[in-house]
Amino acid sequence: MSQPTEDPKEKPKRWIYIIPLVLFSVLMIVFFIGLGLNPRLLPSPLIDQPAPGFNLARLKAPDEMISQDVLKGEPSLLNIWATWCVSCRVEHPVLMKIAASKEVPIFGLFYKDERSKGLAWLKDYGDPYVASGMDLDGKIAIDWGLYGAPETFVIDKDGVIRYKHVGPITWDDWQNILLPKIKSLRAGSGV
Amino acid sequence: MIPELGHFALILALSVALVQAIIPGMGLLRRRPDWMAVARPAALLQFVLVLAGYGILTYSFIVHDFSVLYVANTSNSELPLIYRISGVWGAHEGSLLLWVMILSTWTAIIAVYSKRYPADISAGVISVLGFISIGFLLFSLFTSNPFTRVFPAPFDGADLNPLLQDPVMAIHPPMLYMGYVGFAVPFAFAITALVQGRLDAAWARWVRPWALIAWVCLTAGIGLGSWWAYYELGWGGWWFWDPVENASFMPWLTGTALIHSLAVTEKRNALRNWTILLAIISFSLSLLGTFLVRSGVLTSVHAFASDPTRGVFILVFLGLVVGISFSLFAIRAWQLRTKTAFSLISREMALLTNSVFLLVTMLTVLLGTLYPLILEAMGGGKISVGPPYFSRVFIPLMIPVVILVGVGSFIKWREQKLSELVDNLRRPAIFALVFASALLIVLPGKASFTAWFGLLLAFWVINSAIAQLVHRLRNTQNTMRGLKRIPRGWYGMITAHIGLVFTVIGIALSSVYSQEQDLHMAPGDERTLGEYRFEFVGVERKDGPNYSADVGTIDIYKKDKRMLTLHPEKRIYNVRKNMMTEAAINSNLLRDLYVSLGEQRDPDTNAWSVRLYYKPFILWIWLGGLVMVLGGLIAVTDKRYRIEVKQEKLKLNSNHVPAN
Amino acid sequence: MFRAVCIALCLSFSTVTLAEIAGFPFENEAEEERFETLASQLRCLVCQNQSLADSDAPLAQDLRSELYEQIQTGNSNDQIISFLTGRYGDFILYKPAFNARTLLLWLSPLLLFIVGVFCLFRFNLKSRQEPEGEVSEADLQKIRELLESETENK
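Residue numbers (this note's numbering), protein chains in the order written: chain A, 1 to 191; chain B, 1001 to 1660; chain C, 2001 to 2154.
Excised from the complex, chain A in its bound form (with noise of 0.2 Å):
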């Protein structure tokens, strides 16, 4: 009933009305992006930094002490692990399997557990890491910025972190992700 009110000497400023179009439109961009994002996944500060300082006991030889000076000399792997942790025992054959591949060392950070369940599970499960530092009230932990177990360090000959994985490795993820890392890093060496 009420009719377009046109009048010929003020145009009507269309532009205004397409605003929430645009503003739609872009909103639906972010989206789509954030479908294909993890939002549960934090990339970690601690790349490309040194990695932090630790001093601990070895599970399996407690007189002796490890610290991050045996992460230098050549890449490595440092995988966070404990007893309790269900997803490290799903990891656990892959990092078997990559510890027998010989292509990298792992080392271990044994996390908030008690020292004799540690030692059971190697014994039964066998034992993938060089050497396992006993974290067993989780401060070092905190340094490394652990958020959530199984997490895994890859680091250059430095002793610099290159990459974070968290949660377990797959055999796919070794493959693709870390292997190809820490061949890089070994290149990167060579030159």
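Heads up, a few of these hints could be off.
Here are the simulated BS3-like cross-link-like pairs (lysine-lysine), alpha carbons at most 25 Å apart as the crow flies [said to hold, decoys possible]: (1) LYS2095(C) x LYS1339(B); (2) LYS164(A) x LYS139(A); (3) LYS1339(B) x LYS1267(B); (4) LYS2095(C) x LYS1417(B); (5) LYS2126(C) x LYS1382(B); (6) LYS60(A) x LYS72(A); (7) LYS2126(C) x LYS1267(B); (8) LYS13(A) x LYS2126(C); (9) LYS1412(B) x LYS2126(C); (10) LYS112(A) x LYS1484(B); (11) LYS181(A) x LYS1382(B); (12) LYS139(A) x LYS1382(B); (13) LYS1484(B) x LYS1639(B); (14) LYS1484(B) x LYS1382(B); (15) LYS1339(B) x LYS164(A); (16) LYS1577(B) x LYS13(A); (17) LYS181(A) x LYS72(A).
Some chain A residues well away from chain C (every beta-carbon gap over 10 Å; in silico) [said to hold, decoys possible]: (18) VAL22; (19) PHE24; (20) LEU35; (21) LEU42; (22) GLY53; (23) ASP63; (24) VAL70; (25) LYS72; (26) MET96; (27) GLU103; (28) SER116; (29) LYS117; (30) ASP124; (31) GLY138; (32) LYS139; (33) LEU146.
Computed, partial: chain A to chain B, Cβ under 7 Å [said to hold, decoys possible]: (34) ARG14; (35) TYR17; (36) PRO20; (37) MET28; (38) VAL30; (39) PHE31; (40) ILE33.
Quick caveat, the hints were computed from the structure, so don't treat them as lab data. The C-beta atom is built at its ideal place from N, Cα and C for all residues, glycine as well.
Given the structure of chain A, go ahead and fit chains B and C onto it with the hints provided.
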């Protein structure tokens, strides 16, 4: 066999929804009354079919049919009957079906009352609702079928999330969805107007009750959710600015703006485009909320475990619905403009200002909720935006809104002299200052600016309401008759505003004067909060129907007289092994005493960790919500939405002939 | 798989249980208040929608004791926050820092408000300059009727 019937009913509902959407819609465009006439029976048939599907799912819950995957995942043979009924919406698939169910219910109600509107309008509205129904039925059938079977059927179900085994949590989702889906009705009216390129002068009057009902349901839903979080989560908080809470709060903000803008459109035929835009935005935000909760783009306490196909589906649906609506708005809205002049100091302007402020607040909440996502999508890394941010920006934005509440309903339509307005408002303002300051002195605890300012705002609105009442009655000799002659709409408005003020009081005072203690208590230990002394008596083991519990006993003394005993519980549910705290609360209008039980800390001394809270005036937060709901209900029952509908129809019939 | 485990883990520590703040003996109220403020403004990284104060996840408990120790050794809030963001990134802050990345976040409420007020005044100015009366006669007629019935009600 029976679950398959449910599935079949939904498939039939989908095909009926297609008919309901397309044929009346085409009829509207082609001006074919016979096609438009399909709207009503189609809407009713779709409702019956969805009801059948929904009823069958409920039946599967009641009879423990664990061969249905959804039932097996969300129910258990120990689950009490009431939670088997509410368990239907206890997880993604069923709650989606509830969405569809409520949508088809609203549509059916429209269809029943469709004679109240011109045939073309009701055909358009039912068609638009049909399109939305198609989207959700497709979503349900293709990504989230609640009737999927599992073979072999498990012996028992995985149980309903214990957090949801609570009477309030049983009614919170339907309330909330009734609000969300309720905004589909004003949305459908808005889209119909845009499609037609004309807006009937009675349009706002048709839409207003629907917007009000949706707003009432949403208010109730949010209020219940917040109350539930307060007593169930066990740490005394009631609003966490969680993405999902924000998703329900945003349509509330624009819905509030909508009902105010509708008032201007109804009374003065002004701000039509603005009203239409708010109607579109309110429903779009309801859809956005569904997307945020069910797609997994944001982490949230409430989020359903999600899978990517669902996210993509609902994003595409959101894009289509909102994209088409805003495109229509861009093409057509300028044609609906009216030129209605009003002065800077006029009720139109006050209501417009308030709705603009509410929209700004909504945009702020939206930006805060999505900023981490936007930043990450642009490769800017991860950040969090949490309660400290929101409370810092939200409160300053709300202050002008509350101030305007006191002004807006006092101003005259069209134009008012500033001096007149100042005259009218001077007294309420002065009294507000006096009351707030006086009350601050009376209140226990140290004087605080926040508390004073909250009280000031509250009294400002209350005084202004009283002044208005006096003003309205100034020319009547008989007060009772004068009161009766004031329309319900006005009482509803004032009631809702008073409700808002109650909430403001609750927030301001409880945030300032609350005291809390986290401590270990062994039997005999005591602690004093405010004027209350809490004495820990001990903990006993007790078993419930499907859980076992540690039940604590805490005696509370006031001036060395024992006044009550609280029994906070810590439950372990048998099936899921979830631990749950059931806080014990003693509420009255002046304060809540709140106790929740943690872990046993020392078996020798039987010491437990305990949280004690003394929260003055916190009940007012939800009381305010209740009063707002009441106000909305009073306004809906205003005569002009009922009786005049008939007169309206007569007028319309005579008016419509020449128009076509 | 990881997602599933993570969700399962989170459910078991989920919002349902009571976090443990008790057991940190503070010497004065100021320190206790600092502790509570900090804990409520930091985000738990395991159950990502709870603050450290509210979360019952073991990591949150460890981070709370870290917080407690740092307050005891006399570190300032800024030092504690940079300690945590150095390890966990800005994600741990519920109250985002004010920097280039969050400029828009912090300024937009004010900007939106100003834009809103500006539009309001412009709109009003224009609407008053325009002559009224371009509403169609039919509409006007209806408005009159509505207004009449309205006043009858009062």
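Hint check results:
Of the pairs offered as hints, the one joining LYS2095(C) and LYS1339(B) is violated, with about 45 Å between alpha carbons and a cut-off of 25 Å exceeded. A C-alpha spacing of about 19 Å is found between LYS164(A) and LYS139(A), which places the hinted pair at or below 25 Å, so the restraint holds. Pair hint LYS1339(B) plus LYS1267(B) holds up; C-alpha atoms about 14 Å apart against a cutoff of 25 Å. Of the pairs offered as hints, the one joining LYS2095(C) and LYS1417(B) is violated, with about 45 Å between alpha carbons and a cut-off of 25 Å exceeded.
Taken as a hint, the LYS2126(C) and LYS1382(B) pair is broken in the structure, with Cα atoms around 44 Å apart against an allowance of 25 Å. Proximity of LYS60(A) to LYS72(A) is assessed by CA-CA distance (about 21 Å); at most 25 Å being required, the pair is judged to hold. A C-alpha spacing of about 21 Å is found between LYS2126(C) and LYS1267(B), which places the hinted pair at or below 25 Å, so the restraint holds. Proximity of LYS13(A) to LYS2126(C) is assessed by CA-CA distance (about 12 Å); at most 25 Å being required, the pair is judged to hold.
The straight-line distance between the Cα atoms of LYS1412(B) and LYS2126(C) is roughly 20 Å, inside the 25 Å bound, and the hint therefore holds. At most 25 Å may separate the alpha-carbon atoms for a hinted pair to count; LYS112(A) and LYS1484(B) exceed this at roughly 72 Å. For the given pair, LYS181(A) sits about 23 Å from LYS1382(B) by alpha-carbon distance, which is consistent with the 25 Å threshold. Restraint check for LYS139(A) and LYS1382(B): satisfied, since their Cα atoms lie roughly 24 Å apart, inside the 25 Å limit.
A C-alpha spacing of about 12 Å is found between LYS1484(B) and LYS1639(B), which places the hinted pair at or below 25 Å, so the restraint holds. With a CA separation close to 59 Å, the supplied pair LYS1484(B) and LYS1382(B) exceeds the 25 Å bound. Taking the CA atoms of LYS1339(B) and LYS164(A), the gap is about 62 Å. The hint is violated against a cut of 25 Å. For the hint linking LYS1577(B) to LYS13(A), the alpha-carbon distance of about 62 Å lies beyond 25 Å, and the restraint is violated.
Of the pairs offered as hints, the one joining LYS181(A) and LYS72(A) holds, with about 16 Å between alpha carbons and a cut-off of 25 Å not exceeded. Every beta carbon of chain C lies more than 10 Å from that of VAL22(A), the smallest distance being close to 15 Å; the non-interface claim holds. Interface exclusion of PHE24(A) from chain C stands, the closest Cβ pair being 16 Å apart, more than 10 Å. With 10 Å as the threshold on Cβ separation, the claim that LEU35(A) sits away from chain C holds: the shortest Cβ distance comes to roughly 14 Å.
For LEU42(A), the condition that its CB be more than 10 Å from all CB atoms of chain C is violated, with the nearest at approximately 5 Å. Against the 10 Å criterion, GLY53(A) stays outside the reach of chain C, whose nearest CB is about 13 Å from its own CB. For ASP63(A), the non-interface assignment is confirmed: its Cβ lies about 26 Å from the closest Cβ of chain C, beyond the 10 Å cut-off. The claim that VAL70(A) is not at the interface with chain C holds, since no C-beta of that chain comes within 10 Å of its own (minimum 21 Å).
Distance check for LYS72(A) against chain C: the nearest CB is about 21 Å away, which clears 10 Å, and the non-interface claim stands. The Cβ of MET96(A) sits about 18 Å from the closest Cβ of chain C, beyond the 10 Å cut-off, so the non-interface label holds. Distance to chain C confirms GLU103(A) as a non-interface residue, since its nearest Cβ pair spans about 23 Å, more than 10 Å. Against chain C, the non-interface label of SER116(A) holds: every CB pair exceeds 10 Å, the least being about 20 Å.
Distance to chain C confirms LYS117(A) as a non-interface residue, since its nearest Cβ pair spans about 16 Å, more than 10 Å. At roughly 21 Å from the closest C-beta of chain C, the C-beta of ASP124(A) stays outside 10 Å, upholding its exclusion from the interface. Non-interface call for GLY138(A) relative to chain C: violated, since the shortest CB-CB distance, roughly 5 Å, does not exceed 10 Å. A cut-off of 10 Å between C-beta atoms contradicts the statement that LYS139(A) is not in contact with chain C; the least separation is 8 Å.
Here LEU146(A) does not stay apart from chain C, with its beta-carbon only about 7 Å from theirs, under the 10 Å limit. A cut of 7 Å between beta carbons decides the hint on ARG14(A): the least distance to chain B is about 5 Å, and the hint holds. Nearest Cβ of chain B to the Cβ of TYR17(A): about 5 Å, under the 7 Å cut. The hint holds. Of the supplied interface hints, the one on PRO20(A) holds, with its beta-carbon coming within about 5 Å of a beta-carbon of chain B, less than 7 Å.
Hint status for MET28(A) relative to chain B: holds, with the closest Cβ pair at about 5 Å, below 7 Å. Below 7 Å, beta-carbon pairs count as interface contacts, and VAL30(A) has one with chain B at about 5 Å; its hint therefore holds. Annotation: interface hint on PHE31(A) holds; nearest CB of chain B at approximately 6 Å, less than 7 Å. Given the 7 Å rule on beta carbons, the hint for ILE33(A) holds: about 4 Å separates it from the nearest Cβ of chain B.
Checked against the numbered hints given earlier, this structure breaks hints 1, 4, 5, 10, 14, 15, 16, 21, 31, 32 and 33; the rest are met.
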